[in-house]
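Produce the complete structure using the sequences and hints provided.
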Amino acid sequence: MSARDRLTDGLYGAGWGTVKKLPEPAAVRLGRTIADVAWKRRGAGVRRLESNYARVVPGASPERLAALSRAGMRSYLRYWMESFRLPAWSTERIKSGFAPKDLHHLTDGMDAGKGVILALPHLANWDLAGAWVTTKLGIPFTTVAERLKPETLYDRFVAYREGLGMEVLPHSGGTAFGTLARRLRDGGLVCLVADRDLSASGVEVGFFGETARMPAGPALLAQQTGALLLPVTLWYDHSPVMRGRVHPPVEVPESGTRADKTSVMTQALADAFATGIADHPEDWHMLQRLWLKDLDPAKAPGAADGRGGAS
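If you read the sequence shown in the numbering used here, its first letter stands for residue 4, the second for the next number, and so on.
Simulated from the structure, these hints should not be mistaken for laboratory data. There's no promise every hint is true.
Quick list of the computed label-pair ranges, beta carbon to beta carbon [stated by the list, open to error]:
hint : residue 1 : residue 2 : range
1    : Ala69     : Glu27     : 16 to 22 angstroms
2    : Gly20     : Pro173    : 22 to 28 angstroms
3    : Leu106    : Gly166    : 20 to 26 angstroms
Under the rule of at most 25 angstroms between Cα atoms (straight-line distance), these lysine to any residue pairs were calculated in the SDA-like manner [what the hints assert, rightly or not]:
hint : residue 1 : residue 2
4    : Lys264    : Ser242
5    : Lys117    : Gly212
6    : Lys296    : Arg67
7    : Lys139    : Val31
The beta carbon of each residue, even a glycine, is placed where N, CA and C say it ideally should be.
And the structure:
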């Protein structure tokens, strides 16, 4: 393991080992302080966040984008502080920590016994939402995690999420899709973060007026298994309780090739995600490149004024 990998793993280990022991008000203050320091330094992640917000809030002034990126970093650090502390939260704290709207889409789907896929963007705290589902609703689910470097860091994330009641499959290796399909055919629940896919298999969608790629997996799983596909968006308000909405099902088109159906369904997901992101842009933690134009730095918004950043 390289020195950088050891440092990365050590920092995350310190977070899970130390932050979870802090009183909640102290953790909130620490997260806000770290966020403000990072925002003032205007590193690549902050500049990229601001560039992404420029798509979400077209015509926003530099002052508005700066305020949004500051709020975005505070939201992002709230996610991390909560995530570090979730393993130490009581059952009641988890149950009271999330208040979703239109939950009947999920519960009715599970009662039908055909399986349900929840697809989420990088909004607020998807780990808290998952812990709430396993704790409050008593519904186990399966998800997929990207293999991280170093391997020990990936192992930490898997252990953390499994400790919250999730079954975690590695994204690489080619077996995840088949396992997810089996869980759905058995009437189970699958949860996938699905707003960014830069691989060749990603589906091109219109997103805030430009082209991005999102994963085909949720739409393909729904087609192959008959499971219900539900977009979910999350946000924070000024309380300790995270908010959310379960959107109406994304239907499988009656005609067209599999590729055509996948394209239509993935666009419907993107549209639902865009609704939630536009309403609460500061809670969208997208500090990486997303739009296809940004993959070519010469075409990236902000390339000439310093807002473009590395992914």
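Right, here's what the structure says about each hint:
For Ala69 and Glu27, the hinted distance range of 16 to 22 angstroms is not satisfied, since their beta carbons lie about 29 angstroms from each other. The hinted window of 22 to 28 angstroms between Gly20 and Pro173 holds, with their beta carbons roughly 24 angstroms apart. Between Leu106 and Gly166 the beta carbon distance is about 24 angstroms. The supplied range of 20 to 26 angstroms therefore holds. With a C-alpha separation of about 40 angstroms, the suggested pair Lys264 and Ser242 falls outside the 25 angstroms cut-off, and the hint is violated.
Of the supplied pair hints, the one linking Lys117 and Gly212 is violated, its CA atoms being roughly 35 angstroms apart against a limit of 25 angstroms. Between the alpha carbons of Lys296 and Arg67 the distance comes to roughly 23 angstroms, so the proposed pair stays at or under 25 angstroms and holds. Our distance criterion of 25 angstroms between C-alpha atoms is met by Lys139 and Val31, whose separation comes to about 24 angstroms.
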